[in-house]
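Trainee: Sequence lines, in order, name chains D and S. Residue 234 is where the first sequence starts when you use my numbering, and the numbers rise one by one after that. Residue 234 is where the second sequence starts when you use my numbering, and the numbers rise one by one after that.
Heads up, a few of these hints could be off.
Which copy is meant is left open, so a pair is good if it fits within one copy or across any two.
Derived EDC-like pairs (lysine to aspartate or glutamate); straight-line CA-CA distance at most 16 Å [as the list claims (entries may be wrong)]:
(1) Lys246 with Glu348
(2) Lys254 with Glu294
(3) Lys301 with Glu331
(4) Lys355 with Glu268
(5) Lys351 with Asp337
(6) Lys356 with Glu366
(7) Lys372 with Glu336
(8) Lys265 with Glu336
Rather than coming from a laboratory, the hints here were simulated on the basis of the structure.
2 protein chains.
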Amino acid sequence: MKQYTEEIMDILKANNLRMTKTRMALMMMFLKSEEPLSVSEMLEALSSMKRGVNKTTVYRELEQLQLKGIISTVQLGDRKQYYELASRDHHHHLICLECKQIEDIDMNEEKLLAEEKKMSRKKGFVILRHSLEFFGLCKQCQCQE
Amino acid sequence: MKQYTEEIMDILKANNLRMTKTRMALMMMFLKSEEPLSVSEMLEALSSMKRGVNKTTVYRELEQLQLKGIISTVQLGDRKQYYELASRDHHHHLICLECKQIEDIDMNEEKLLAEEKKMSRKKGFVILRHSLEFFGLCKQCQCQE
DNA sequence: CATGATAACGCAACTCAGTTGCATTTGTCA
DNA sequence: TGACAAATGCAACTGAGTTGCGTTATCATG
Ligand SMILES: [Mn+2]
Ligand SMILES: [Mn+2]
Ligand SMILES: [Zn+2]
Ligand SMILES: [Zn+2]
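Given these sequences and hints, build the entire structure.
Mentor: In structure tokens form, the structure reads like this:
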């Protein structure tokens with residue numbers, strides 16, 4: 234908790250961002266969370282703070298953090314954007330279609346990157362990033378089928 | 234044109250779907266299009282038909298076609314759903330971040346599927362499908378930067 | 001500590017994709 | 001041809017995200 238707070242203050246200082254209650258709370262959520270977060274989840278969590286936080290503020294905050302490269306977005310198949318720390322290395326997700334649980338996965342991408350380069354050359358396309366997500370059923374949800 | 238019409242009527246008959254103007258028009262669009270289509274594009278195109286078509290109808294139609302396995306959806310990073318024929322083999326896309334042009338790509342997925350199986354086993358997750366999209370700049374848009 | 005510049009904030013009104021309920025029209029098949 | 005289900009239109013709604021504008025809080029500087 235205390236070490237988190239200092240870590241966050243360092244990040245904010247390094248990025249010329251003022252320290253505000255909302256900012257601290259969001260950064261804390263990102264550091265603690267195992268899964269990417271949606272805005273509705275953030276608002277839910279922030280609502281327990283005295284006086285709550287307006288959704289506009291959250292959206293503007295996320296824009297800032299993204300601009301500074303502190304967080305990045307993930308698309309997980311529904312209509313929402315999800316956000317997670319950019320400092321977590323590039324990785325992909327396993328998404329349970331049933332319970333919506335999300336797991337980070339760490340896979341070997343060498344072969345994928347090789348294919349990427351080949352295509353890039355063939356089509357004259359410069360590839361800047363890719364999105365790769367896996368959908369299926371987690372252990373628990375398989376049994377209940 | 235004529236051969237398309239018959240092809241479509243066969244598909245519809247095989248799936249117990251009545252033949253309607255909207256349905257024919259949409260199927261025709263899907264058959265002819267090189268790219269996945271968004272609802273706004275479909276409505277745009279359908280608006281030239283006499284009396285146009287209501288967006289509710291289009292959404293309901295897409296639901297039907299998806300249910301019958303005739304079309305499938307793709308997420309391309311914006312807030313819209315895109316639709317394309319499911320009969321096109323499983324493939325991925327190159328998306329130009331500048332001009333929004335979309336290209337189908339056909340790549341070797343063996344290595345990806347191998348990784349998929351490995352992860353699946355390790356995590357006890359059943360993987361049903363994946364989504365893999367590449368973002369970057371097409372040949373034209375690179376020069377204009 | 002005081003204070004001004006400006007970053008951060010709240011609120012209300014808006015956009016845009018997609019959904020729902022209900023009454024009407026249309027396609028199909030007997 | 002008519003009955004019946006499927007398809008349609010319309011209006012009102014939801015939920016995620018955006019915008020303009022006036023107010024408040026943070027923080028560097030003196
Ligand atoms: Mn993650
Ligand atoms: Mn395609
Ligand atoms: Zn699950
Ligand atoms: Zn382009």
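Trainee: Checking an output row: lysine 265 and glutamate 336, CA cutoff 16 Å. Within, between, both or neither?
Mentor: within (14 Å within a copy, 38 Å between copies)
Trainee: Between lysine 301 and glutamate 331, at a C-alpha cutoff of 16 Å, which is it: within one copy, between copies, both, or neither?
Mentor: neither (34 Å within a copy, 21 Å between copies)
Trainee: Give the relationship of lysine 372 and glutamate 336 under a CA distance limit of 16 Å: within one copy only, between copies only, both, or neither.
Mentor: Within one copy only: 12 Å inside, 36 Å across.
Trainee: Classify it for me, lysine 351 with aspartate 337: is the Cα-Cα distance of at most 16 Å met within a copy, between copies, both or neither?
Mentor: Answer is between; shortest inter-copy Cα gap is 15 Å, intra-copy 27 Å.
Trainee: If the cutoff is 16 Å on CA atoms, where do lysine 246 and glutamate 348 land: within, between, both or neither? Let me know, please.
Mentor: This pair counts as neither: shortest intra-copy Cα distance 40 Å, inter-copy 40 Å.
Trainee: 16 Å Cα cut-off: does lysine 356 pair with glutamate 366 within a copy, between copies, both or neither?
Mentor: Between copies only: 15 Å across chains, 24 Å inside a chain, cut-off 16 Å.
Trainee: For the identical chains here, do lysine 254 and glutamate 294 meet the 16 Å Cα criterion within one copy, between copies, both, or neither?
Mentor: within (11 Å within a copy, 47 Å between copies)
Trainee: Within a copy, between copies, both or neither: which one fits lysine 355 and glutamate 268 at a CA-CA cutoff of 16 Å?
Mentor: neither (36 Å within a copy, 19 Å between copies)
In summary, the structure is inconsistent with hints 1, 3 and 4 from the numbered list given earlier, while agreeing with the others.
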